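Peer 1: Top line first, the protein sequences correspond to chains A and B.
Position 263, counted from 1, in the first sequence is what numbering that gives the first Met the number 0 calls 262; the numbers after and before it change by one each time, with no gaps.
Position 299, counted from 1, in the second sequence is what numbering that gives the first Met the number 0 calls 298; the numbers after and before it change by one each time, with no gaps.
Derived by calculation from the structure, the hints in this document are not laboratory data.
This one's a predicted model, so the numbers in the text were calculated from it and none came from an experiment.
Among the clues, some could well be false.
As the list makes no split between identical chains, a pair holds if one copy fits it or if it spans any two.
What the hints assert, rightly or not - List of simulated lysine-lysine pairs, PhoX-like, C-alpha gap at most 20 Å:
#: 1; residue 1: 175; residue 2: 225
#: 2; residue 1: 73; residue 2: 175
#: 3; residue 1: 84; residue 2: 225
#: 4; residue 1: 153; residue 2: 163
#: 5; residue 1: 225; residue 2: 185
#: 6; residue 1: 97; residue 2: 246
#: 7; residue 1: 294; residue 2: 256
#: 8; residue 1: 113; residue 2: 40
#: 9; residue 1: 110; residue 2: 153
#: 10; residue 1: 84; residue 2: 73
#: 11; residue 1: 185; residue 2: 84
#: 12; residue 1: 212; residue 2: 110
#: 13; residue 1: 175; residue 2: 84
#: 14; residue 1: 21; residue 2: 60
#: 15; residue 1: 153; residue 2: 175
Protein chains: 2
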Amino acid sequence: MSLMVLGTVALDTVKTPCGLRKDMLGGSATHFAMSASLFTKVNLAAVIGEDFPAKHLTFLKNKGINLKSLSREKGSTFRWAGEYKQGDLNTACTLNTKLGVIVNCLPRLDKSQKNIKNVFLGNYDPDIQYCFLKELNHPDFVSLDTMNLWIHNKIKPLKRLLKKVHLIIINDAEAKDLSGEDNILKAAQRLYSYGPRMVIIKKGEHGCLFYSKHIFFVLPAYPVEKVIDPTGAGDTFAGGVLGYLVKSPRINEASLKMALSYATIISSFNVEGFGLTRTAILTKQDVGQRMRRFKQFLRF
Amino acid sequence: MSLMVLGTVALDTVKTPCGLRKDMLGGSATHFAMSASLFTKVNLAAVIGEDFPAKHLTFLKNKGINLKSLSREKGSTFRWAGEYKQGDLNTACTLNTKLGVIVNCLPRLDKSQKNIKNVFLGNYDPDIQYCFLKELNHPDFVSLDTMNLWIHNKIKPLKRLLKKVHLIIINDAEAKDLSGEDNILKAAQRLYSYGPRMVIIKKGEHGCLFYSKHIFFVLPAYPVEKVIDPTGAGDTFAGGVLGYLVKSPRINEASLKMALSYATIISSFNVEGFGLTRTAILTKQDVGQRMRRFKQFLRF
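Turn these sequences into a full structure, and let the hints steer you where they fit.
Peer 2: See below:
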């Protein structure tokens, strides 16, 4: 039942109309794990540098996240600095990226974790995602995110990898880019034709879309009054989806709708604080309350 | 139970990635009426010129739309030419506007229609909307749309008018502009404080939001594979909302959700053809079929 996430553990500097925060704990694997750990045991695979603060490791361990595949390497931790401007909180402008240890050090799977059956390959070089996947012993459920950088520069390895993936979770701009389709529904159909038997397109504040052979639906986002920092909302969403699905007895229309709704709710909390501020203190009760309201929206 | 719409009846020239159509029947009142007439008797108030083709009048009459308050005046019919570009079918670029008769000729209410109790003041100069409203004999339910032109140039008359309006239906960009709020939920709250006890914000392909003192919900749009021409989708949406509500025994959460859902479905057909091509032949069966699928999306 447990879940492995491959991704980044980073130190983020973020500027939004609500303020500036420096060197916060961030990264795709971190946001994913924080969200998924509300439902299930999460194992995290990533690379950090010598400068990574011990307090963040303690924090992650206290959240019950297994760090056996988190390796500390010689060099600096991956750092990202970005800004969100008033009026367009959906779009991050990258100010600075210091790749540090992730340039040369591959994330390695701890041998004791080879038999984990569910894996989320967070946004990474598709060649590295592929190698990491091969280390796992016949996983049952493989999901993947990617980004424009790899779509433009590593399309062949990405397409090869997609044939081995059950679920792709991708944002709308990237879905259009990868599929070459302007229409979101056509984009989903095209991504489906690349291999994954399930496609989820994230539309940020505009909700999400699920597409498979027999199941198709759309959901709105949960509207929040004050967006403080959207960093990590997409990974938080993916964590909610996978965390819920891994615990479900079966994957069907009902469990998929619940998974995407939980993901919607947890992401709505994520954007209400800088970095992990809000999701770190999130309880099942908080999520349940907002979930009831969300279901009420959609009940006829 | 009948419904009056004030707006434009126009001749539209539209270019989209799917082709070019010249001098099609269009205008806010026309699209609204076409949609609302699926539910109720619609009365249309607008001004046309000497050049307005008789065939369009026959078409509207055959649709059961009452044209007593449609006046033909000396001069040319209002003409709009616009283009939607590949990749951004949500945004119309206006190529040309010929106001014609609407510059000098006010839409006039036929005396026999003074007692109509439901009115939609389609996008128009707020002073004209106000004068038109005064001609009606204590309407029960007044709804209104507006646009950036009036928000920027006629804010005082618009705010005066909003105190007399029960429902404002407005798109997201205009809602942000009118309220001065970037966040859509805050924008809705601010618009509510201007007078209307109900606020609907249309988000095009991203769905809609309803806000009132005790009722609040969001709905996604119905995804369509091929958007041919989005012209008039907003008025089609408003027509669906009002058409349904006018026929409802009461306005409550259930009827509002049904109204906005029907509006969502009818608009999804509107964008699938140039001008009125698709909505003109729309049957209750077509709408019902898509409505069932939409409800299925949102059923947990």
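Peer 1: Against each hint, give a clear statement of whether it holds in the structure.
Peer 2: Taking the hints in turn, this is what the structure says about them:
When the C-alpha separation of residue 175 and residue 225 is checked against a cutoff of 20 Å, the pair qualifies only between copies, where the shortest distance is 14 Å, while the shortest distance within a copy is 28 Å. When the C-alpha separation of residue 73 and residue 175 is checked against a cutoff of 20 Å, the pair qualifies neither within a copy, at 38 Å, nor between copies, at 49 Å. Only within a single protomer do residue 84 and residue 225 lie at most 20 Å apart by alpha-carbon distance; the minimum there is 14 Å, versus 33 Å between protomers. In this assembly of identical chains, the alpha carbons of residue 153 and residue 163 lie at most 20 Å apart only when taken from the same copy (16 Å versus 59 Å across copies).
In this homomeric assembly, residue 225 and residue 185 come within 20 Å of each other (Cα to Cα) only across copies, at 8 Å, whereas the closest approach inside a single copy is 33 Å. Taking CA atoms no more than 20 Å apart as the test, residue 97 paired with residue 246 passes in neither setting, with 36 Å inside one copy and 61 Å between copies. Taking the closest pair of Cα atoms, residue 294 and residue 256 come within 20 Å of each other both inside a single copy (11 Å) and across two copies (13 Å). Proximity of residue 113 and residue 40 under a CA criterion of 20 Å is satisfied intra-copy only: 15 Å inside one chain copy versus 68 Å between copies.
Within a single copy, residue 110 and residue 153 get their C-alpha atoms no closer than 28 Å, and across copies no closer than 70 Å, so neither meets the 20 Å cut-off. Taking the shortest alpha-carbon separations for residue 84 and residue 73, neither the intra-copy value of 35 Å nor the inter-copy value of 50 Å comes in at or below 20 Å. In this homomeric assembly, residue 185 and residue 84 come within 20 Å of each other (Cα to Cα) only across copies, at 18 Å, whereas the closest approach inside a single copy is 31 Å. For the homomeric pair residue 212 and residue 110, neither the shortest alpha-carbon distance inside one copy (36 Å) nor that between copies (57 Å) is at most 20 Å.
For the identical chains of this complex, residue 175 and residue 84 are inter-copy neighbours only, at 16 Å across copies versus 24 Å inside a copy, given an alpha-carbon limit of 20 Å. For a Cα distance limit of 20 Å, the shortest separation of residue 21 from residue 60 qualifies neither inside one copy, at 22 Å, nor across copies, at 66 Å. For the homomeric pair residue 153 and residue 175, the shortest alpha-carbon distance inside one copy (16 Å) is at most 20 Å, but the shortest distance between copies (40 Å) is not.
Of the hints listed earlier, those the structure fails to meet are numbers 2, 6, 9, 10, 12 and 14, in rising order.
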